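From just these sequences and the hints, can you work out the full model?
Number of protein chains: 4
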Amino acid sequence: MTSAPIKAFMSDNAAAVHPRVWEAMRAADDPQPPYDNDAISQSLDERFTSLFGRPAWGLWIASGTAANCLALATLCEPHGGVVCHREAHIEADEGGAPGFYLHGAKLMLAEGDGAKLTPQAVRAVIDPIRPDVHWVQPHALSVTQATEYGRVYRTAEIAALAVLAKERGLGFHVDGARFGNAVASLGCLPADAAGPCDALSFGCIKNGGMSADAIVFFDEDRAKLARWRRKRAGHLQSKGRYLAAQIVALLEDDLWLANARAANAAAAEIAGACGDRLMQGFAFYDWGDDAARFVTAWNTREEDARALAQAIAAL
Amino acid sequence: MTSAPIKAFMSDNAAAVHPRVWEAMRAADDPQPPYDNDAISQSLDERFTSLFGRPAWGLWIASGTAANCLALATLCEPHGGVVCHREAHIEADEGGAPGFYLHGAKLMLAEGDGAKLTPQAVRAVIDPIRPDVHWVQPHALSVTQATEYGRVYRTAEIAALAVLAKERGLGFHVDGARFGNAVASLGCLPADAAGPCDALSFGCIKNGGMSADAIVFFDEDRAKLARWRRKRAGHLQSKGRYLAAQIVALLEDDLWLANARAANAAAAEIAGACGDRLMQGFAFYDWGDDAARFVTAWNTREEDARALAQAIAAL
Amino acid sequence: MTSAPIKAFMSDNAAAVHPRVWEAMRAADDPQPPYDNDAISQSLDERFTSLFGRPAWGLWIASGTAANCLALATLCEPHGGVVCHREAHIEADEGGAPGFYLHGAKLMLAEGDGAKLTPQAVRAVIDPIRPDVHWVQPHALSVTQATEYGRVYRTAEIAALAVLAKERGLGFHVDGARFGNAVASLGCLPADAAGPCDALSFGCIKNGGMSADAIVFFDEDRAKLARWRRKRAGHLQSKGRYLAAQIVALLEDDLWLANARAANAAAAEIAGACGDRLMQGFAFYDWGDDAARFVTAWNTREEDARALAQAIAAL
Amino acid sequence: MTSAPIKAFMSDNAAAVHPRVWEAMRAADDPQPPYDNDAISQSLDERFTSLFGRPAWGLWIASGTAANCLALATLCEPHGGVVCHREAHIEADEGGAPGFYLHGAKLMLAEGDGAKLTPQAVRAVIDPIRPDVHWVQPHALSVTQATEYGRVYRTAEIAALAVLAKERGLGFHVDGARFGNAVASLGCLPADAAGPCDALSFGCIKNGGMSADAIVFFDEDRAKLARWRRKRAGHLQSKGRYLAAQIVALLEDDLWLANARAANAAAAEIAGACGDRLMQGFAFYDWGDDAARFVTAWNTREEDARALAQAIAAL
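Chains as they are written, first to last, in my numbering: chain A, 14 to 328; chain B, 14 to 328; chain C, 14 to 328; chain D, 14 to 328.
None of the hints are false.
DSS-like mimics (lysine-lysine), calculated; alpha carbons at most 30 angstroms apart, straight line:
hint : chain 1 : residue 1 : chain 2 : residue 2
1    : C       : K237      : A       : K179
2    : B       : K237      : D       : K179
3    : C       : K237      : A       : K237
4    : A       : K237      : A       : K179
5    : D       : K237      : B       : K179
Here are a few chain A residues that face chain D, going by a calculated C-beta distance under 10 angstroms:
hint : residue
6    : P91
7    : G93
8    : G108
9    : G109
10   : F113
11   : G117
12   : L120
13   : L122
14   : D145
15   : W148
Derived by calculation from the structure, the hints in this document are not laboratory data. Just so you know, these numbers come straight off a predicted model, no measurement behind them. Virtual Cβ for every residue (Gly too), placed ideally from N, Cα, C.
Right under this line is the structure:
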């Protein structure tokens with residue numbers, strides 16, 4: 014195996030921008046009102062409403078970290094807490110961004126295989142919390158679909174978590190940095206993969222985009238709040254039409270799903286070569302002392318995936 | 014006068030991306046390490062060191078608001094204050110971002126014509142402040158070059174402010190959202206237009222870029238601190254090479270200066286038609302009850318500027 | 014004039030604790046549940062409900078700064094602003110505490126003689142603010158009764174400000190660090206001196222107390238929110254009964270009003286000697302280049318006040 | 014066993030104020046400059062310097078929560094983290110105050126029996142943290158002496174933790190809410206019980222005080238920083254002399270140690286009756302499903318302790 018394929022699996026963050034995304038960005042060059050007052054940005058609400066089959070509001074944002082944290086800032090007050098998995102991206106990989114955006118709110122860590130939460134695991138965290146001012150109270154629940162280990166929540170699983178959140182008065186957020194991969198793997202409607210959540214970080218950057226993820230809200234007040242907070246975070250880019258264009262290009266003709274399917278297929282090919290290391294759903298590989306992580310992307314070449322698979326089989 | 018030219022002067026935020034910036038972004042499509050680990054991002058320190066003739070560290074960032082606030086967050090502690098003009102962008106137009114990034118630090122407002130500060134105006138703010146815990150103490154000074162009204166600080170003026178800042182132990186920040194226009198107008202070295210500042214927001218987006226401004230630090234510790242804080246603010250984009258490429262394209266062969274000169278020339282043409290409304294230096298027009306604001310950009314067409322000038326002359 | 018009387022007028026912050034407050038604190042020595050679970054703390058809601066003639070919730074807190082900032086934190090979100098006078102205590106003398114407690118929200122400064130606001134002055138601040146994310150929006154209005162210059166709002170004046178706040182959707186806070194002096198001066202009901210506000214900082218420390226002011230809320234949800242935030246600010250003292258006892262002692266038989274009347278009377282005596290420097294209402298003196306500030310307290314001795322008055326008359 | 018003794022063991026937070034503390038407070042009634050400008054407050058630096066045998070700066074503060082959080086705010090930047098035990102008071106019982114005071118910094122949780130940390134446990138937390146902006150970096154280490162379970166660090170244990178902190182560039186904080194009990198139990202010098210820490214929360218309230226704990230700094234710059242932040246947190250009480258007086262009364266003739274010894278003795282009596290539930294050092298009892306917590310204080314009556322011991326023995 015040469016080093017080229019290895020390099021190709023380093024991170025979907027390194028992947029190139031999809032040609033149709035480039036085209037859409039170039040087409041946005043014509044002058045338009047700044048910030049999110051252009052026609053493309055203004056179309057996002059309608060597009061996400063259509064995609065999810067219920068009233069939705071969509072905001073572009075330049076990173077998954079900012080998407081998650083802005084979303085959570087509308088669901089959790091500074092003195093509250095967000096329940097998430099111990100290995101959730103917001104806890105483990107965002108450089109303390111939740112602490113910044115949520116003004117010091119607390120992440121409350123739950124356990125679960127493959128970074129997956131269950132109602133039981135969530136209850137184990139929140140049930141012992143007495144309604145006492147000495148204890149931070151949970152305000153929100155955040156799950157990652159697909160998880161940081163490439164595991165997917167089945168639609169019944171995510172629905173059960175949403176029910177629990179609602180029962181306990183918790184806002185419900187889905188970190189969908191790789192939401193496309195989850196939907197492609199589940200073969201379900203986007204709405205069912207996200208469950209009846211309050212906010213969804215809808216990842217585009219890892220899926221053929223360049224610099225725009227989306228936050229999708231299912232409540233107008235939260236969306237409005239996020240717009241104030243986005244500006245306040247220096248994330249209201251003046252030429253926002255170039256970000257909106259990326260998202261629209263990925264939504265158009267379900268390019269986002271096609272890209273995710275391509276990445277999943279490449280992952281499956283590799284996984285097939287790995288025997289007992291195979292994980293359920295589409296696969297990103299676990300990593301750790303005895304593990305490797307290979308990340309496929311929308312543009313992983315079939316020949317690279319096959320070469321890697323053969324190399325693994327030959328181990 | 015038709016409406017087309019009017020629309021063209023709405024905002025430099027709406028201007029198209031320069032062709033050479035587009036080319037550089039496309040050339041960055043080849044996979045590279047994510048975040049700012051790619052070769053283009055890694056080249057920024059050297060490029061800004063060369064541009065300013067002293068050790069410099071350069072970070073890309075997606076907006077001028079974020080550039081200003083991240084820079085100031087390295088110069089002012091949460092319990093301190095930043096002296097700035099009452100009409101400074103950080104005070105008037107950033108949706109409270111300084112309060113967010115500086116964790117509640119205070120903006121201390123000084124007066125001056127055309128949003129320009131003088132040492133005297135700064136002293137009028139800071140001299141009455143006793144070193145008493147009941148009073149917020151100034152930690153930093155921020156000036157805008159060119160100002161929000163299109164006024165420029167001459168090199169001696171900015172140097173005098175830097176001297177005052179140093180005497181009083183204040184960090185010194187220059188908001189250069191339109192720094193290119195200032196340098197082009199002054200006809201001086203970039204280092205002289207910025208003065209011996211600690212941090213400079215080096216605007217690119219209004220000057221032919223798409224989604225990348227730069228923060229330039231002249232101290233390694235502050236640059237390091239800003240890297241932690243940039244991630245924490247959700248501004249460490251995973252495909253950062255596309256941002257770095259924009260900045261490098263503008264620095265290459267001084268495209269940033271050429272663009273700024275073109276915008277200034279268009280502004281001068283219009284200003285020439287305005288008689289006593291003309292303001293010194295290159296001109297963005299004052300606005301208010303009896304004022305209009307026309308903004309030129311790198312791509313303002315000469316014929317549009319002339320048409321507007323004629324229309325004004327005919328009033 | 015000897016120096017003793019001068020010293021006596023230095024600050025009401027330096028005054029001794031009233032004997033009946035001491036007695037009440039000693040009587041609280043008997044063990045009771047910690048924090049605010051003791052019977053005395055639990056009685057505050059009822060006592061303030063009775064005092065103001067409408068449902069009220071009362072919390073003890075160790076300083077006027079904390080009282081103001083905790084109250085405002087329930088009325089203004091981090092991305093919002095609080096309109097107040099340029100010389101309001103929260104702007105001028107609290108060491109940036111509002112920035113801390115309100116997570117970077119902005120103070121929006123209005124003008125007015127004697128630190129007094131008018132609806133017109135407030136409108137001059139808020140009317141130009143467009144509902145645009147680049148501009149911080151006002152969320153609350155804070156007035157000081159009596160003002161930092163010893164001026165009082167007449168009941169119609171405070172009512173007019175409350176009406177404006179309500180019309181514009183602003184929370185309405187009254188900083189009553191010297192509320193007793195205002196009520197004593199106005200000779201009206203406490204409810205009329207505070208107007209239909211959402212929260213009142215009810216000062217006790219300057220009026221015979223030791224270490225307890227009160228925050229009075231007129232809405233249960235805000236009171237609950239303040240309880241979470243009080244603990245989070247390290248202000249939920251474990252032996253809270255000693256703070257509650259101070260407040261109850263001052264409320265008992267209207268000791269707070271008697272103390273305020275005594276201070277006002279001493280101030281009036283001095284003011285009578287000052288001719289054209291006399292300010293309306295009860296008087297704390299203006300200070301500045303050609304001014305002096307004498308502060309009377311509950312325990313200002315009549316003979317001291319007279320001695321000072323004679324000294325001033327003899328100037 | 015009657016309910017009276019049970020009530021007596023509810024919490025040392027509920028205990029009465031020591032008579033000598035009362036006396037000192039009454040003696041402070043004479044007018045003095047406000048805030049911490051009075052002679053008693055000004056004496057704290059010298060008194061703690063003498064107590065610890067190295068230059069020290071002492072600030073009064075109204076709660077242990079505020080003491081801990083203000084101390085940590087001088088040791089950890091907003092983007093950093095504080096390593097502490099999973100059951101440390103700052104993590105488990107302060108209502109999110111560290112998130113507030115540290116502007117969103119992260120608590121990094123280590124394991125250990127009886128809430129006690131070891132160098133090994135601390136390394137297990139910090140060693141895997143790469144110096145990467147995606148990961149929050151540790152800035153400080155906080156240990157509780159005695160721990161939340163009544164365990165004490167021997168002098169060599171605390172010294173070893175301080176050495177590790179220094180090696181890794183971490184600020185070192187000791188939460189001494191029950192520091193007196195630890196010193197009394199160890200029978201060592203205060204300096205040895207605290208180790209070479211940067212800041213110590215020196216608990217007084219649980220040990221005969223009313224409303225004043227102390228923060229002791231061993232570095233002038235941190236002490237200065239804490240003074241700015243104390244005001245900003247609304248904790249600079251205007252009649253601070255009454256707080257200072259409490260601390261001075263407890264330090265005078267080592268009343269703090271005498272009180273702690275009395276509480277430890279009562280605890281030992283009870284513990285003696287508990288057989289295998291006895292924990293090392295002086296004892297506060299574990300609690301949980303099969304546990305009870307009895308808290309002794311400076312004024313636990315010998316007869317109450319004995320009655321409780323007998324009741325336990327009779328179980």
